[in-house]
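2 protein chains.
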Amino acid sequence: MKTAIKIAFIGAGNVATHLATALRKQGFCILQVYSRTKKSADILAKKVGAQPVNDLRCLSDEADIYLISLPDNILLTVLNRINKSHKLFVHTSGFHDMHLLKAVSERIGVFYPLQTFSKNRELNFSTVPICIEAGKKEDAKLLIEIAETISSDVRLINSDKRRIIHLAAVFACNFSNYMYSVADSILAQRKVSFDILHPLIMETAQKVLYEKPMNTQTGPAKRGDITVIKQHLSMLSDKDVKKIYKMISDQIMISKPTNKK
Amino acid sequence: MKTAIKIAFIGAGNVATHLATALRKQGFCILQVYSRTKKSADILAKKVGAQPVNDLRCLSDEADIYLISLPDNILLTVLNRINKSHKLFVHTSGFHDMHLLKAVSERIGVFYPLQTFSKNRELNFSTVPICIEAGKKEDAKLLIEIAETISSDVRLINSDKRRIIHLAAVFACNFSNYMYSVADSILAQRKVSFDILHPLIMETAQKVLYEKPMNTQTGPAKRGDITVIKQHLSMLSDKDVKKIYKMISDQIMISKPTNKK
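Protein sequences, first through last, are from chains W and U. Positions in the first sequence are counted from 1; adding 199 to them yields my numbering. Positions in the second sequence are counted from 1; adding 199 to them yields my numbering.
Heads up, some of the hints might be wrong.
Pairs involving identical chains hold if they fit within one copy or between any two copies, as the list cannot separate such chains.
[Said to hold, decoys possible] List time: in silico DSS-like cross-link candidates among lysine-lysine, alpha-carbon distance up to 30 Å: (1) Lys301 to Lys390; (2) Lys421 to Lys445; (3) Lys421 to Lys246; (4) Lys438 to Lys237; (5) Lys445 to Lys411; (6) Lys224 to Lys429; (7) Lys442 to Lys335.
None of these hints come from the bench; they were simulated from the model. Computed from a predicted structure; not experimentally measured.
Just need the whole structure built from these sequences, with the hints factored in.
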């Protein structure tokens, strides 16, 4: 199957870079890489043996799949500038409904890898969940086959459910990372190295692979220890961070563990 | 050194259980385990070959070190009921000042393992940072020697700094875990299994072992994508969770990455 399939990437950001690289490694032909920025198109195109393009009118007709991997706030603008096609158009967004793509084709789909991507970090794709959706059964089958060459966790998920997963991911990833950054800045003010928290951060993450997070909650709020909470609040100088500390502690205090896994 | 040292544990909770077990494994003699609850004292005492005690008046005089591992809000009450001693008294709290222990002895110290402990979870102590403090140099030396038998990361940290580390740990551990639990409940409402987030949670945690968390931030708030943020807010039914989403997104939007590692 795979050697016959030609893919054009529209977008050359973090997701496109990791995805194009992983697919290229599996023998797929990456025909073109489009980016508004010539340099970004050049870098990724070179990496995956594709033609760099920075004008949408230069998109080849020869690709079997057009994989659109753009920031959510750019997607619509770019779609409006792509000519109507009969080829399979797929986006990689957790947020956007698949049917947006109807503007460019009748064969549409979604290929959403649920992960946080950094350009300069090696990533093992094999465990990244890939959420697939497609308008036509045969396209869903094709996208699943492609996804299964790079990941062992491929799921058929519709747009509604994908949006929920994307929202949950903001809490699990973006907001937990924000908590790390607050911890980092608290330590930095007192010249304590952030690495002292590394084992704690890893253990906190690993625990929830085996147990519901509500049941692994620890700390002063969980114990209802008002003295510690008050003292912590008095130690925080940033009034917004103080407010966040208070709100989250209140939420932890009213939450009840559950027996369900 | 170690075989000669006898330790009495005051407290039989998560920290005491993990610590007593780890020290016992290294050949230390755990003389007694005190807990207000007979059952808790019995369980831990049996595990580490100690005498269970649930009356403070039964504390032996023969221990070299009394290791007090109690919830922060109980510590003071228990201290008031311990007879004055000339032995080394040590607490395991990240929060409390060492000098609280002056109420019971002139030889005082702190042995704070920076980790989140669950009773029923095996833990590898060897990478857990242990923060040591002591009133006398020779006691600091002794506590460091003991800590180094179970961990390769032993640090001399005073009470002020330890309190800062404890506050940072609340953000890095307790609050990131709260974010996991919000994600879990968002998914549960739509019957999506939480395991879909496991690779994302692990990658988010692993990233900050190599890079400052502020520089690894991703997501709609980081990109300033107001459309996605508004849609997410409309999807959240709990008004407190909505408020937390908004506050944290605002904070992420105003934060600037830094070049410093």
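Structure-based check of all given hints:
no., hint, verdict
1, Lys301 to Lys390, "between (54 Å within a copy, 28 Å between copies)"
2, Lys421 to Lys445, "both (13 Å within a copy, 23 Å between copies)"
3, Lys421 to Lys246, "between (49 Å within a copy, 27 Å between copies)"
4, Lys438 to Lys237, "neither (43 Å within a copy, 44 Å between copies)"
5, Lys445 to Lys411, "both (23 Å within a copy, 25 Å between copies)"
6, Lys224 to Lys429, "neither (54 Å within a copy, 38 Å between copies)"
7, Lys442 to Lys335, "neither (48 Å within a copy, 39 Å between copies)"
In summary, the structure is inconsistent with hints 4, 6, 7 from the numbered list given earlier, while agreeing with the others.
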